[in-house]
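K.L.:
What follows is the residue order along each chain.
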Amino acid sequence: MAFIGKITPTRGTLIRLKDTLRFIQEGKDVLEMKRDRLAGELSSQIKDLEGRKILEAELMEAYAKFKDVLTNSGYEAVASSAWSISKIETEVAKASVMGVSLPRIMVTKRSSADSIQDMGLYQVAAKLQALIVDLLSLAQTEANIERISYELMMINRKVNALEKTVIPEYERKISYIQDLLFDEDLEGFVEIKHVKNTAGRRKT
Amino acid sequence: MKTPTTIYFVARTHGLKRHLLKHEDLQRISRAKDLAEIHSLLLQSDYSERLSKISPLKLDAYQLERIVYEVLSERSYYLLKIARGSIRRLIEGFCRRTEVENLKRVVRAIHGNESMNRTQFLPVPREYQTVNFLALLECRRVGEIIKLLKETPFRDLGDKVGLYERYNNPLILEAYLDRIYYSVLEENLKRVAGGSRIQHLVGTEIDIKNLSSITSLQYSRASPDLLKEIIIEYYYRLPRNLVSKLVELPYEEILKLPLGPPYRESITKAIDLANNNMLPQAENILWQYFYSCVEKESIKNPGSLVYVISYLFLCRKEARNLATIAAGKQFKMGPERIQSLLFV
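Taken in sequence, the protein lines are chains H and V. Taking the numbering used here as reference, the numbering of the first sequence is continuous, increasing by one, and the terminal residue is 207. Taking the numbering used here as reference, the numbering of the second sequence is continuous, increasing by one, and the terminal residue is 529.
The shape of chain H in the complex, shown without the other chains:
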């Protein structure tokens, strides 16, 4: 054990090590609590991902309709009609869940297809506008899941490192110093007893 040679086996060191171990264990408990909370958050976010397949199907449906409209009206006519559609505006804020920074996408202004006269193109544009908002929400969920998963991975590593390496090492250090101190105490006791016995024999 490499560490043994580096510590001074004194009572002061023992007290300090015990304090540190208590602190580490408390830290591990906090990390475990954070892990549980993030796992809960992750499972709730994963439920939102279930809508992805429906969203993809709707997007494909809108794309099929768009192909019809583009074929009917031509590239340039569709492109110029699309210019007049006002743009969607969004804001990205940050929210913190157990110290993990998660993006929150807010649609501040929806786009409007009111300037489109062609029925088919209007229908496709209106559908895509709704789908874009859903896509943003899905992107937010995916980003959240990615960040939470990464954080969970890091917490797991930390908890494992504490559980499997740091805490046992501290426990071993403490136990080593305690054994050493016990031996020193015993040695001192034997010495005192020996001195007492020697002194008693001299008196008699």
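Since the hints were made in silico from the structure, they are not lab data. Ideal Cβ placement from N, Cα and C applies to all residues, glycine included. Certain hints may be false.
Stated by the list, open to error - Pair by pair, the computed Cβ-Cβ distance ranges are:
1) H/Met63 <-> V/His208: 31 to 39 Å
2) H/Ile91 <-> V/Arg522: 26 to 34 Å
3) V/Lys243 <-> H/Ile91: 29 to 37 Å
Claimed, not checked - Example chain V residues on the side facing chain H (calculated, C-beta under 7 Å, incomplete):
4) Ala217
5) Ala221
6) His296
7) Glu312
8) Gln314
9) Leu464
Following the hints, position chain V against chain H.
P.N.:
Relative to chain H, chain V alone:
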């Protein structure tokens, strides 16, 4: 009594009309397996000169659409080049619709805060431009366009800027551009012999445009106030009071009004198609009727100027059909599906 100029001009148009693709040609093109085959089929037509510069394997639908509209421009402005006197003014007035379409594109781009470039304009030869399109590309606000249009036939567009700002909808300006276009065309029509038959075609076109705007915008639940502003105030077979009632009614109830027989059938079909979610086909049905009128007029009046105007309309129909086939082939649509979107 027709003047020799008119006779010569109509005779030239007869010759030019022979260059248009026939119905069977379009059917064959729509059955082509890909764009490369379309390329080879079109090599025997007016499109050959431009197409021969592109490899068939590199041809895409967008390129073909550009070529088609370049040829359309060439055909329209060729007539203008050979026309003289009042006929020239009429053709000039008619061809101005390309400029109107370009102006609409500029308005849309400015409304959506988009920048466009010169390749996104429909081609108009420099010598026939009444508007400086390159200067319009620099505009960033509608007010700047109005300033540039001061010395052009579209100078009155400024009257509608307030309304455009109130509704925040470029359709107001687009409709007014159409209104200006048709009023100039109407003036030109009064000066030519046989203008009444042409008036029939143009009047039908405006009626169809109004009906198309009303049905489309009612489908998108636009307000009746906005619809009133988008109507082209020229009434041919749709009386003013009928149009006023049409804009007030919800989409599903349009048929309750006494629409004239020519339009009733088309509107009924359009509503049926829209209810079956076949919106592009519903959009086309009214224009199918219009082009059938154009064909009839060209057959009935082979010796008058209406034949010339019919030819110009048929050039537009061909361009639109070819662009549709090209896009359909690009998306690998079957011939039946493409043919359902054609004006036949």
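K.L.:
Taking the numbered hints from earlier one at a time, note which ones the structure violates and give those numbers from smallest to largest.
P.N.:
The structure breaks hints 4, 5, 7 and 8; every other hint is satisfied.
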